[in-house]
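Following the hints, put chain B in place on chain A, whose structure we already have.
Number of protein chains: 2
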Amino acid sequence: MNKVYLIGGGATKIGEHWEKSLRDLFVEAALKAVDSAEISLKDIEAVYVGNMSSGELQGQEHLGSLMATWLGIPGVAAAKVEAACASGGVAFHQAYLAVASGLYDCVLVGGVEKMTDAIIYDVTAALIMADDYEYVAFTGASFVGLNAIVYRYYMEKFGVKQEDIALFAVHDHKYAVKNPYAQYQFAVSLEKVLESPNVADPIKLFECAPVGDGSAALVICSEDFAKKLGKDFLVQVAASTVATDTISLTNRRDLATLEATVKAANRAYRIAKISVEDIDVIEVHDAFTILGVLHLEDLGFAEKGQGWKLLKEGELEKNAKIPTNMSGGLKARGHPVGSTGVYQIFDIYLQLIGEAPNQVDSAEIGLAQSVGGVGGTVAINILRRVK
Amino acid sequence: MNKVYLIGGGATKIGEHWEKSLRDLFVEAALKAVDSAEISLKDIEAVYVGNMSSGELQGQEHLGSLMATWLGIPGVAAAKVEAACASGGVAFHQAYLAVASGLYDCVLVGGVEKMTDAIIYDVTAALIMADDYEYVAFTGASFVGLNAIVYRYYMEKFGVKQEDIALFAVHDHKYAVKNPYAQYQFAVSLEKVLESPNVADPIKLFECAPVGDGSAALVICSEDFAKKLGKDFLVQVAASTVATDTISLTNRRDLATLEATVKAANRAYRIAKISVEDIDVIEVHDAFTILGVLHLEDLGFAEKGQGWKLLKEGELEKNAKIPTNMSGGLKARGHPVGSTGVYQIFDIYLQLIGEAPNQVDSAEIGLAQSVGGVGGTVAINILRRVK
Numbered sequence: 007m008n009k010v011y012l013i014g015g016g017a018t019k020i021g022e023h024w025e026k027s028l029r030d031l032f033v034e035a036a037l038k039a040v041d042s043a044e045i046s047l048k049d050i051e052a053v054y055v056g057n058m059s060s061g062e063l064q065g066q067e068h069l070g071s072l073m074a075t076w077l078g079i080p081g082v083a084a085a086k087v088e089a090a091c092a093s094g095g096v097a098f099h100q101a102y103l104a105v106a107s108g109l110y111d112c113v114l115v116g117g118v119e120k121m122t123d124a125i126i127y128d129v130t131a132a133l134i135m136a137d138d139y140e141y142v143a144f145t146g147a148s149f150v151g152l153n154a155i156v157y158r159y160y161m162e163k164f165g166v167k168q169e170d171i172a173l174f175a176v177h178d179h180k181y182a183v184k185n186p187y188a189q190y191q192f193a194v195s196l197e198k199v200l201e202s203p204n205v206a207d208p209i210k211l212f213e214c215a216p217v218g219d220g221s222a223a224l225v226i227c228s229e230d231f232a233k234k235l236g237k238d239f240l241v242q243v244a245a246s247t248v249a250t251d252t253i254s255l256t257n258r259r260d261l262a263t264l265e266a267t268v269k270a271a272n273r274a275y276r277i278a279k280i281s282v283e284d285i286d287v288i289e290v291h292d293a294f295t296i297l298g299v300l301h302l303e304d305l306g307f308a309e310k311g312q313g314w315k316l317l318k319e320g321e322l323e324k325n326a327k328i329p330t331n332m333s334g335g336l337k338a339r340g341h342p343v344g345s346t347g348v349y350q351i352f353d354i355y356l357q358l359i360g361e362a363p364n365q366v367d368s369a370e371i372g373l374a375q376s377v378g379g380v381g382g383t384v385a386i387n388i389l390r391r392v393k
Numbered sequence: 007m008n009k010v011y012l013i014g015g016g017a018t019k020i021g022e023h024w025e026k027s028l029r030d031l032f033v034e035a036a037l038k039a040v041d042s043a044e045i046s047l048k049d050i051e052a053v054y055v056g057n058m059s060s061g062e063l064q065g066q067e068h069l070g071s072l073m074a075t076w077l078g079i080p081g082v083a084a085a086k087v088e089a090a091c092a093s094g095g096v097a098f099h100q101a102y103l104a105v106a107s108g109l110y111d112c113v114l115v116g117g118v119e120k121m122t123d124a125i126i127y128d129v130t131a132a133l134i135m136a137d138d139y140e141y142v143a144f145t146g147a148s149f150v151g152l153n154a155i156v157y158r159y160y161m162e163k164f165g166v167k168q169e170d171i172a173l174f175a176v177h178d179h180k181y182a183v184k185n186p187y188a189q190y191q192f193a194v195s196l197e198k199v200l201e202s203p204n205v206a207d208p209i210k211l212f213e214c215a216p217v218g219d220g221s222a223a224l225v226i227c228s229e230d231f232a233k234k235l236g237k238d239f240l241v242q243v244a245a246s247t248v249a250t251d252t253i254s255l256t257n258r259r260d261l262a263t264l265e266a267t268v269k270a271a272n273r274a275y276r277i278a279k280i281s282v283e284d285i286d287v288i289e290v291h292d293a294f295t296i297l298g299v300l301h302l303e304d305l306g307f308a309e310k311g312q313g314w315k316l317l318k319e320g321e322l323e324k325n326a327k328i329p330t331n332m333s334g335g336l337k338a339r340g341h342p343v344g345s346t347g348v349y350q351i352f353d354i355y356l357q358l359i360g361e362a363p364n365q366v367d368s369a370e371i372g373l374a375q376s377v378g379g380v381g382g383t384v385a386i387n388i389l390r391r392v393k
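Just so you know, the protein sequences line up as chains A and B, in that order.
Heads up: the first sequence begins at 7 in this note's numbering, then just goes up one per residue.
Heads up: the second sequence begins at 7 in this note's numbering, then just goes up one per residue.
Keep in mind that the hints were calculated from the coordinates and are not lab data.
Careful, some of the hints might be misleading.
It does not matter which identical chain is used: a pair holds within one copy or between any two.
[As the list claims (entries may be wrong)] Computed cross-link-like contacts, DSS-like style, restricted to lysine-lysine with a CA-CA straight-line distance of at most 30 Å:
{"id": "1", "residue 1": "48", "residue 2": "310"}
{"id": "2", "residue 1": "279", "residue 2": "48"}
{"id": "3", "residue 1": "19", "residue 2": "279"}
{"id": "4", "residue 1": "163", "residue 2": "48"}
If we strip away everything but chain A, and leave its shape as in the complex, we get:
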């Protein structure tokens, strides 16, 4: 495989962008990424767009051609990649393969989602399309309801209290304060989280990632292309993997294990030739607090049933054992679904180039984990700073 480097990134602030359309958000992030990479738009040979619901929410498909047009570079190769809330991470994987294959030298990958002024369809109805329509969505189950089942199961099985899981929201908000891209740049207390209304028992409102609009974009390239830029150091994509699990919880062996995370992570560690201890900073997909805890375990940072202890004991803080969600995570940076996976990789990239809002000391290896559905698809992308 050809080596692949990440040479620039950009993003919009996440929020309720009533004045900006889907394309405005994408183009804003893409142009920032191109500027940051110090390349020209003409260098881009392919555009990948990670997005889940533009058809249902904006009445717009064919985002590859649309975004290439609005970037002023029609002619390039382009595609939309969809894998529910993992669309961004999986789009990055496709962009990675495009460069790794040798067919493309310089590729733009952006994630975009506009959720706040849906004109065609309802956001909650669009999101449950991540699960099986015929067997699950049809029953009236909502996405938060499915996560509530996992949450309750985990608490019962391992005797864990909700306050030790809900703490993930407090953690995320604490770090979002300094992130200029974050939707919620303020802290919340555990009391606030636990006092917030039930959405689907036991999940409280403040344990849920918010609805928001946003786009993040990255430029990746081949070794030859990267070396011509003459930078002091580079950020290499050390591994990029995707794995699936059954789309619905009903078919899982264990409700408390997200096997797609286990498979994708283990494969990525082998490819990157690292062990979990080598990782300096991570972004995990905590669309609900319980998922953050599960993912810490399934990524290998804790034994099953013990992930909440890392949180409680401060091991996820900056410069602690495994600095986690220094961006503010899905809860507070925000979660415009199809763009989130790209935001996460951008956040890790900023850590490795030393420009993150909550900079971890001498971060050299970082991991971003992007999840679709309740673990139906997981993308793991590992970045490494190299000379």
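Only chain B this time, still in chain A's reference frame:
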């Protein structure tokens, strides 16, 4: 780049499959492809799903995880790829890159679309999402209406009569008679076509590809994997390219040229090291008769304004100058949009292994052209039979 081989394919008949759901169609085609490749499902490492409108029509996204689940192989990598009506051709390109990169040895790519019992949204409204919603669809333009503009422009500019373009429908139907997968296995006369009702003047009903359900799937693999199968000959993917154009006609330099076809085809010829004369058989994306004519020109088989002469003079017939749409094309084999690009490659594959319903003598090199929107995205895939 690593070499990539096509080792098996399968498809459902295209039609109104009221008794089969989206997943049923995909699984049927995928299992046929796996059987035809003489491999085991366990050999598959990644699943690509080409689909345009499952969200709008079935209320279902996340097709990667869904189809992996229903194939009984959750765990594999998976993604949905969308590029409007080119979704199938572009999904094949992504699958190709996955193997060409060296990360995957054996990949399944299937296209699927179920259009006849849309439960969420209307098919015509879903299809116009291939164009710009904010500037075009919003005006009430339909997809056939946009093609009617191109049709009228072409007739006026080059002084061509409708009967010389509408003949493409007659050509397609003639060859669909023997294709067991075709939606319409019967011939039509030019009189019938010209007497059929106007859909969007000048386009007649019988000049339009029909609405239908269907799925086609292919298995592709690396050289090592292919050689282990011990076959007498192999079908190599000699080139796979994608190009875009502006998503809307309003921004085009020339309404009668589909530049994305020109760009993608020329790049593919260079990569495959062939000229247009070397090609033995093609499938072109004639969603409307006029598009078939334009594509012959933009692929390089005729000068601009002259494509209709190939049709009229019999040069598209079996064993004539350039045998075209031996499957029955979009008009008569059918056009379940996101699956069509995969059907086309499957049809070319059958030609190269000598098992096509309208077999061209000693076909060694074939080309499939898949188009999204009115030329907003074009995928070109060239296959070559090798020892």
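**Request:** State the violated hints by number, sorted upward, taking the hints as numbered earlier in the document.
**Result:** 3, 4
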